[in-house]
Amino acid sequence: MTLTTDRKNKKMPKEELINLDIDGKQVTAPKGVTVHRAAEINGIDIPTLCSHKDLTPYGGCRLCIVEIEGLRGYPLSCNTTATEGMKVTTENEAIRDIRRDVLQLILSEHPSTCMVCQEKVECEHVLGGTVRKSGVTTGCRWCPNETDCELKKLVELMEIEELDYPTLYRGFEKEREDPFYDRDYNLCILCGRCVRMCQEVRGTAILEFNYRGPHATIGPAFGRSHLEAGCEFCGACVAVCPTGTLYEKASKWDGTPDFQVVSTCPYCAIGCQLDLRIKDGRFSSAVASHDEVVNDAQACLKGSFCLGEVSHHFTRARKPMAKEGNYWREKTWDEAFDIAVEKLKDLVPGDFAMLVSPDMTNEGLYASQKFTRMVMGTNAIDSTARRSLSGRLGLWADLFSRPISIRGIGNASRILVIGLDTRFNFSIIGVEIRKAMQKGGKLVAIDPRENNLARYSDLWIQPNPGYEGNLLKALAGTGADLESGASEAGIDPELLKEAKEIIESGDDLTVILGPGVFHYSSVNKLIEGITAFASKDNTTILPLYTGTNARGAMEMGTFPELLPGAVSRDHSETIEIFEKKWGGKLASDRGITVDQITSGAKKPKVLYLAGAVPFFEKPDCDFLIVQDIYEPDFECDLYLPASSFLESAGTLTNLEGRVQEVVRVEELRDSVRYGRARPDWWIFSQLAKKLGADGFDYEYVTEIQREIADVVPGFPEPDKIDREARVTETPGTVSIPEAVGNPGKAGDGKFILVLHPEGYTHRGISITSRVEGLQILNPENGFYISQADADSLGVEEGDILLVKADTAVGKAKARIEKVLPEGVIYLFVPDSLGGVGGRKDLDNLYRLERNPVRVEVTKSVL
Amino acid sequence: MTGTAVTLDLDGFTGIRSDLIPILQHAQDSLGYITEEAVRQISQKIRITENEIYGVATFYAQFRFEPPGEHHIQVCMGTACHVKGGQQLSVSLEYQLDAKMGETTLDGKYDLEQVACLGCCALAPVVKIDETIHSQLTVLKLRKVFDEDEES
Ligand code: SF4
Ligand code: SF4
Ligand code: SF4
Ligand code: FES
Ligand code: FES
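Sequence order for the protein chains is A and B. The first sequence begins at 1 in the numbering used here and counts up by one. The second sequence begins at 1 in the numbering used here and counts up by one.
Check the hints yourself; a few may be wrong.
Said to hold, decoys possible - Straight-line C-alpha distance at most 35 Å; calculated DSBU-like pairs for lysine-lysine:
#, chain 1, residue 1, chain 2, residue 2
1, A, Lys439, B, Lys100
2, A, Lys536, B, Lys128
3, A, Lys87, A, Lys120
Unchecked claim - Between beta-carbon pairs, the in silico distance windows are:
#, chain 1, residue 1, chain 2, residue 2, range
4, B, Ala61, A, Asp507, 40 to 50 Å
5, A, Thr147, B, Ala116, 22 to 32 Å
6, A, Ser792, B, Asp9, 26 to 36 Å
7, B, Gln87, A, Pro779, 21 to 31 Å
8, B, Tyr60, A, Thr315, 47 to 57 Å
9, A, Val261, B, Gln87, 13 to 23 Å
10, B, Asp9, A, Gln438, 53 to 63 Å
Unchecked claim - Pulled a few chain A residues facing chain B out of the computed Cβ check, cut under 10 Å:
#, residue
11, Ile65
12, Trp142
13, Ala205
14, Thr598
15, Ala601
16, Cys621
Everything labelled a hint here was simulated from the structure, so no lab data went into it. This structure is a prediction, so every number in the text was calculated from the model and none was measured. The C-beta atom is built at its ideal place from N, Cα and C for all residues, glycine as well.
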């Protein structure tokens with residue numbers, strides 16, 4: 001791919017420059033770079049098919065030959081280091097001849113009919129964009145990469161019109177069995193970019209050269225599929241392939257994009273920068289940006305492959321809808337607002353509650369809480385972020401008040417990870433961890449299940465699930481704590497001692513907490529452990545929560561107990577400020593939390609769900625308003641269509657506190673076909689105006705940004721979004737609710753059942769159900785148990801197990817997992833609570849309040 | 001060569017990356033060939049992925065990934081044998097036995113391997129079946145060797 005958009009070009013420190021002469025031009029280049037890179041920096045193109053600025057030199061294609069004074073023959077510019085005073089000739093007759101010969105050799109094993117076809121110009125004219133899609137690529141006209149092919153460009157540059165060598169077609173079958181991208185190794189020129197990318201940069205090493213000489217191929221071990229081999233589907237290999245060998249399925253036949261813009265990935269708190277490629281006014285594909293501060297040309301499968309399908313899916317609901325008697329009718333915005341106003345106008349605090357998604361932009365979140373507080377006159381605004389920021393908001397306010405750095409992990413000398421699998425989630429963190437390990441860093445992993453980091457760690461500890469927090473606390477403490485922590489968690493104290501030795505042997509320590517541990521209902525010990533580590537020197541804590549903008553949700557004040565700026569609602573000075581700025585009295589009630597609603601403790605009459613759907617079925621209320629990009633899985637009374645991340649602008653705050661822009665790349669086209677979706681902030685402010693409120697005259701998103709910048713310390717003005725990492729300062733203390741006690745343990749014929757979240761959500765909806773590729777990645781439904789337990793229960797893979805908790809029973813197939821500890825049983829809970837239909841046998845277990853939980857397991861005789 | 005053991009004894013190795021080739025040799029010696037399970041264990045021991053191990057192992061012709069056959073066939077591809085038609089012998093063998101170089105026939109009877117110079121260039125082209133050297137072969141002569149073998 002040739003399109004790149006550098007937000008800022010890396011500046012090289014001045015003192016390290018050298019001078020050299022390239023083609024008679026006096027140029028400078030940073031010390032230590034290759035001749036090839038030195039030329040590239042100075043705008044001189046040396047042909048290449050294998051070198052890449054992020055990868056080590058490989059010297060595979062031999063097209064980059066040059067002449068260097070004082071050196072014999074034709075050295076490869078891509079693996080010759082530029083030195084002071086060097087004289088380089090990049091092109092002359094002799095060099096050209098050799099290059100043409102080398103290129104011909106490459107072409108002799110590459111479908112090249114179109115490149116040397118005499119009719120090629122006419123063909124392109126006459127056939128235009130028609131004959132494209134085809135099962136077998138026999139020439140450029142049938143290759144998805146035609147318009148962007150580095151090989152083809154070189155053939156044109158070197159004016160090759162005939163081939164002097166016999167050609168060979170490799171006759172490989174196309175590899176299409178994996179999700180997200182296809183592979184056609186008949187087109188591969190063995191440049192090794194994908195191999196080096198996967199190994200050197202990602203650290204995943206899925207791709208390898210196998211065999212050698214004429215039989216050389218590329219792929220995982222034993223001819224496995226990428227899925228089996230542990231591929232993260234990050235797309236990095238696809239992005240660097242110069243040919244059409246590796247291609248994204250979804251955008252394969254879109255053609256050359258018209259332009260690209262840098263935007264922020266809306267799917268997790270890392271906040272990767274992505275180049276969004278646009279074709280004919282529509283999003284086509286996304287490629288990780290060469291971004292200096294966050295993701296450095298890396299992303300995960302969600303950012304690389306799931307944007308289009310989620311936003312363009314045919315089930316997107318783009319028109320306001322309302323229930324009329326038994327009918328579900330399309331409405332105009334005015335009609336929809338009238339219906340809402342009718343229901344909302346005479347409510348008193350207690351009657352109304354709003355739940356918002358932490359995946360919304362800051363502007364949407366800010367408008368939602370201002371709407372609830374100033375228009376509805378209540379603090380009944382809560383975010384499902386409360387669930388991912390489990391335990392206590394006070395703890396999170398504390399964590400966010402310390403500097404957090406993603407790229408800093410890459411330089412850590414000691415790393416402790418708990419409950420984190422970076423294969424498909426937070427894979428950027430995995431890349432950084434492996435980077436640190438390549439530099440000699442040491443890794444201790446704590447997880448009952450094997451994950452993608454465990455095998456490559458220096459020490460892997462498998463505690464009883466639910467006791468990870470005890471280990472963390474013990475590791476932060478003294479020798480005596482180790483003994484008791486180990487016995488609580490059911491592991492050998494020696495292991496824990498070894499872990500402590502490892503993590504204390506470095507200059508610094510990074511503790512990374514994965515979303516897995518925040519899903520347990522008991523997090524007391526975990527919090528104590530985090531607090532203990534947080535107070536140590538040279539220790540960084542990296543909490544990986546779910547919910548893209550959960551940090552933004554705290555800063556925007558979408559919780560009953562928090563005002564914008566993450567200030568406690570009881571902080572009187574702040575209340576005064578807000579009352580002055582917002583021109584009205586602030587509500588003083590205690591509000592309603594998401595847990596009070598799901599448990600039935602509070603029953604508001606009107607419930608407003610803005611992108612948050614934490615329910616299995618329609619919640620009990622008189623009137624349900626849902627504002628989202630998809631309709632919920634159950635009935636509601638009024639549906640307001642929100643714009644997706646491609647259709648609206650705004651900002652998201654990432655894990656490190658960087659406020660980053662989401663750019664609108666698709667126009668809102670109001671029509672029967674395209675619907676009438678609107679940005680969240682627009683919907684809230686229109687509704688506020690209809691309800692007669694002042695202070696909601698926002699016409700552009702920048703007006704809200706300006707207001708936020710005014711009330712939230714450190715939040716940037718719209719024209720000054722610098723993406724700097726920030727710490728959140730929280731005046732006034734946040735009150736801390738108590739968490740529940742410890743889970744039980746296995747033993748006495750009892751097992752420990754872990755309800756592990758599965759799949760991916762965005763704004764409360766399951767993106768797994770929208771993106772085909774994600775469905776393939778979902779673990780198979782069933783109870784995962786160890787081989788030893790399976791033997792003692794007398795069950796085999798696929799037998800039906802009956803699992804009984806105090807209040808619920810569930811039934812599903814047994815799945816045997818080699819490395820699971822004994823007495824532990826895992827069940828994956830679907831990401832979106834609505835769509836659990838068809839899994840009726842497990843429904844009751846999904847609803848269990850406690851996690852993990854003690855259960856009885858028997859083989860079902862049915 | 002036991003050929004039956006499933007797990008590999010890796011205690012003698014320290015688990016650093018440069019151990020890879022010795023470990024692979026050890027695996028082949030004790031298991032007869034490199035099994036998927038062995039690669040998994042090696043991956044755990046030296047903490048690199050199975051794909052990398054496989055990539056390295058397939059680079060060297062000495063490692064095999066299928067159980068050896070009852071009889072071991074080596075086709076010489078050294079310079080002399082190559083010039084005198086070693087490649088034709090290989091192709092014809094592959095057809096006749098329905099297995100590729102490096103593979104074992106489905107019935108487990110033969111495994112095929114290409115090797116460099118067997119040290120009897122004067123007799124080129126040669127094929128070695130177990131300990132017997134068959135010299136100055138042609139495709140037809142080679143076929144006969146197997147036909148006789150079938151009959152006996
Ligand atoms: S998608 Fe990523 S992990 Fe998978 S093979 Fe390509 S670079 Fe490697
Ligand atoms: S698949 Fe693409 S990147 Fe990988 S070696 Fe082949 S041509 Fe190069
Ligand atoms: S790691 Fe997070 S921000 Fe980056 S691409 Fe994946 S989901 Fe998006
Ligand atoms: S760029 Fe130097 S060999 Fe390919
Ligand atoms: S080349 Fe075949 S024996 Fe020497």
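Evaluated hints:
The suggested pairing of Lys439 of chain A with Lys100 of chain B is violated, with an alpha-carbon distance near 42 Å, which exceeds 35 Å. Pair hint Lys536 of chain A plus Lys128 of chain B does not hold up; C-alpha atoms about 69 Å apart against a cutoff of 35 Å. Pair hint Lys87 of chain A plus Lys120 of chain A does not hold up; C-alpha atoms about 39 Å apart against a cutoff of 35 Å. In this structure the hint that Ala61 of chain B and Asp507 of chain A lie 40 to 50 Å apart at CB holds, the actual value being about 46 Å.
Checking the proposed 22 to 32 Å range against Thr147 of chain A and Ala116 of chain B shows it is violated: the Cβ atoms sit about 46 Å from each other. Against the hinted window of 26 to 36 Å, the Cβ-Cβ separation of Ser792 of chain A and Asp9 of chain B comes to about 28 Å, which satisfies the hint. Remark: the range hint 21 to 31 Å for Gln87 of chain B to Pro779 of chain A is contradicted by a beta-carbon distance near 48 Å. The supplied range of 47 to 57 Å is met by Tyr60 of chain B and Thr315 of chain A, whose beta-carbon atoms lie about 53 Å from each other.
Range check, Val261 of chain A to Gln87 of chain B: about 55 Å between beta-carbon atoms, so the 13 to 23 Å window is missed. Checked against the given bound of 53 to 63 Å, the beta carbons of Asp9 of chain B and Gln438 of chain A, roughly 29 Å apart, lie outside it. With a cut of 10 Å, the hint placing Ile65 of chain A at the interface with chain B is violated, because the nearest CB-to-CB distance is about 26 Å. A least Cβ separation of about 30 Å between Trp142 of chain A and chain B goes past the 10 Å threshold, and the interface hint is therefore violated.
For the restraint placing Ala205 of chain A at the interface with chain B, the shortest Cβ-Cβ distance is roughly 4 Å, inside the 10 Å limit, so the hint holds. Restraint check, Thr598 of chain A versus chain B: the minimum CB separation of about 42 Å is more than 10 Å; hint violated. At its closest, the beta carbon of Ala601 of chain A sits 49 Å from a beta carbon of chain B; the interface hint therefore is violated under the 10 Å criterion. Hint status for Cys621 of chain A: violated, given a least beta-carbon distance of 52 Å to chain B, over 10 Å.
Violated hints, in rising order: 1, 2, 3, 5, 7, 9, 10, 11, 12, 14, 15, 16; the structure is consistent with all others.
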